[in-house]
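Asks: In case you want the letters, here they are:
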Amino acid sequence: MANFTPVASLAGGILIGLASVWLLAANGRIAGISGILHGLVAQPPGDRFWRFAFLLGLVIAGFAWHAFVAPAPVREGFGLGWAAAAGLLVGLGTRLGGGCTSGHGVCGLGRFSLRSLVAVAVFMATGMAATYVMRHVL
Amino acid sequence: MISAFGAGLLFGVGLWLSGMANPRKVLDFLDITGSWDPSLLLVMGGAVLVTASTFRPLIRKKDLKFDKTAIDLPLVAGAAVFGIGWGIGGYCPGPAVTALSNLTVEPVVFVAAMIAGGLLAKILPPQQAGR
Chain A
1 MANFTPVASL
11 AGGILIGLAS
21 VWLLAANGRI
31 AGISGILHGL
41 VAQPPGDRFW
51 RFAFLLGLVI
61 AGFAWHAFVA
71 PAPVREGFGL
81 GWAAAAGLLV
91 GLGTRLGGGC
101 TSGHGVCGLG
111 RFSLRSLVAV
121 AVFMATGMAA
131 TYVMRHVL
Chain B
1001 MISAFGAGLL
1011 FGVGLWLSGM
1021 ANPRKVLDFL
1031 DITGSWDPSL
1041 LLVMGGAVLV
1051 TASTFRPLIR
1061 KKDLKFDKTA
1071 IDLPLVAGAA
1081 VFGIGWGIGG
1091 YCPGPAVTAL
1101 SNLTVEPVVF
1111 VAAMIAGGLL
1121 AKILPPQQAG
1131 R
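So the sequences go chain by chain: A and B.
Under this note's numbering, the first residue of the first sequence is numbered 1, with each subsequent residue one higher.
Under this note's numbering, the first residue of the second sequence is numbered 1001, with each subsequent residue one higher.
Honestly, the hints are just simulated from the structure, not real lab data.
Hints are supplied without guarantee of correctness; some may be wrong.
[To be verified] Reference excerpt, derived from the structure (chain A facing chain B, CB under 8 Å, subset only): (1) Thr5; (2) Pro6; (3) Ile16; (4) Ala42; (5) Pro45; (6) Gly57; (7) His66; (8) Phe68; (9) Pro73; (10) Leu80; (11) Ala85; (12) Ala130; (13) Val137.
Please read these numbers as outputs of a predicted model, since none were measured by experiment.
Heads up, the beta-carbon is just placed ideally off N, CA and C, and yes, glycines get one too.
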């Protein structure tokens, strides 16, 4: 537990929650990032602008963070083949299951959805299993 | 849609502040048999604290419908596959998108593959994949 950051993580979580409430209140939309991204490529054009604006905000936040708070994290020894495989599984799984950490996690749990609770339990479990294999078996 | 941009900006700052946008920290959370870092429990806890206290009245006011309630195979299989990808890379969709600002190749490859995976889900099963 050497890297435990309770205050920053709790504060960041609250900001994520507030952002989700903001999007719901102002746009009537659920802040599920996998769905927002997928909709940008797969939805009719009229539905694209708010999605693009939200995702642009996400990326700009990163640029601002690196400029004013902390440099971008670097990771060594993680091959691009793994990145591609992981991305493919995340894209496939989130669209099949209808949500990710934000859609099922932050928003789905927030509206007390049983579907989302099941999804969160499942992806936490397989996530832990995959990390175990990657770090301690392979 | 200034509000969507603002919400994205705030969401992104939350991801970086919380540590979610750093895949190593995410993997330290998922690695329960290693040097476990429970921080991300607090990220989810803080976020759900806010949504749980506000979402239901807002959803009623906006008259939003969530027609899917069944715990079915696409839900469980999809969540399982997503979790495996998450546990390999340490990225879920939000952190991957905001990590495009790192200006390194890794998040670009991940996000491109994630979009491809989403399109694959659309053509793969006969039943309609979730939204």
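Asks: The structure should be examined with respect to each hint, and the outcome stated for every one.
Replies: So, going through the hints one by one against the coordinates:
1. Thr5: holds, 5 Å
2. Pro6: holds, 6 Å
3. Ile16: Holds. Min distance 4 Å.
4. Ala42: Holds: closest Cβ of chain B sits about 6 Å from Ala42 of chain A, inside 8 Å.
5. Pro45: violated, 14 Å
6. Gly57: OK, holds: Gly57 of chain A within 8 Å of chain B, min 2 Å.
7. His66: Constraint on His66 of chain A satisfied, holds at 6 Å.
8. Phe68: It is violated, given that the least Cβ distance between Phe68 of chain A and chain B is near 10 Å, above 8 Å.
9. Pro73: holds, 5 Å
10. Leu80: For Leu80 of chain A, the interface hint holds, since the closest Cβ of chain B sits about 5 Å away, which is under 8 Å.
11. Ala85: holds, 7 Å
12. Ala130: With a closest approach of 3 Å, the Ala130 of chain A hint holds.
13. Val137: violated, 11 Å
Going through the hint list in order, the structure does not satisfy hints 5, 8 and 13.
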